[in-house]
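Using my numbering, the letters of the sequence shown correspond one by one to residues 96 to 235.
Everything labelled a hint here was simulated from the structure, so no lab data went into it. Here the structure is a predicted model, which means the values were calculated and not measured. Heads up, the beta-carbon is just placed ideally off N, CA and C, and yes, glycines get one too.
Pair ranges (Cβ atoms, derived):
(1) Ala122 / Tyr164: 11 to 21 Å
(2) Ala122 / Pro204: 45 to 55 Å
(3) Gly219 / Val130: 11 to 21 Å
(4) Arg198 / Leu233: 39 to 49 Å
(5) Pro204 / Leu137: 27 to 37 Å
(6) Phe138 / Ala161: 20 to 30 Å
(7) Asp201 / Leu235: 43 to 53 Å
(8) Thr183 / Val210: 17 to 27 Å
(9) Val210 / Thr107: 30 to 40 Å
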Amino acid sequence: MVGAVRASGAFTALANQLTVLPLPPTAQVVVFLVVAALLTGLFSAGPSMAALLEVAEVLARRHPPAAIYVGLALSVCAGSSLFITAATSGPLTQALVERAGLRGADRQPLGFGFVAFMPVGLLGFATILGVGIVTTLLQL
Numbered sequence: 096m097v098g099a100v101r102a103s104g105a106f107t108a109l110a111n112q113l114t115v116l117p118l119p120p121t122a123q124v125v126v127f128l129v130v131a132a133l134l135t136g137l138f139s140a141g142p143s144m145a146a147l148l149e150v151a152e153v154l155a156r157r158h159p160p161a162a163i164y165v166g167l168a169l170s171v172c173a174g175s176s177l178f179i180t181a182a183t184s185g186p187l188t189q190a191l192v193e194r195a196g197l198r199g200a201d202r203q204p205l206g207f208g209f210v211a212f213m214p215v216g217l218l219g220f221a222t223i224l225g226v227g228i229v230t231t232l233l234q235l
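Working from the sequences, and respecting the hints, build out all of it.
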């Protein structure tokens with residue numbers, strides 16, 4: 096997937112578009128962090144991080160590299176917390192809970208599906224992304 100995305104030039108184009116947004120440079124970084132988190136939520140951490148490194152490289156020429164790369168890492172962590180499918184452990188945990196036949200105090204089978212995870216995922220996403228944005232902005 097990473098190879099296909101890189102070959103398409105989509106992320107190089109994204110990097111170029113990001114740098115010409117009519118926003119202050121710090122706002123461009125915030126947009127990058129939010130987009131990185133959302134893409135990770137949709138495509139998973141590994142492929143997103145690998146592909147977004149191209150965009151981070153462009154931003155790291157204009158800003159302190161440590162701020163950009165730490166911000167990217169935290170955004171990827173946030174994105175992988177968004178949906179149960181965004182991290183490797185989500186589907187595995189879902190399968191293990193179902194296979195074990197776990198039951199709650201009310202004796203009903205426990206479920207660990209997409210909808211049940213969503214409130215926790217949104218909270219984790221917002222918290223980690225917020226910390227990532229603040230940490231990055233403090234380093235700029």
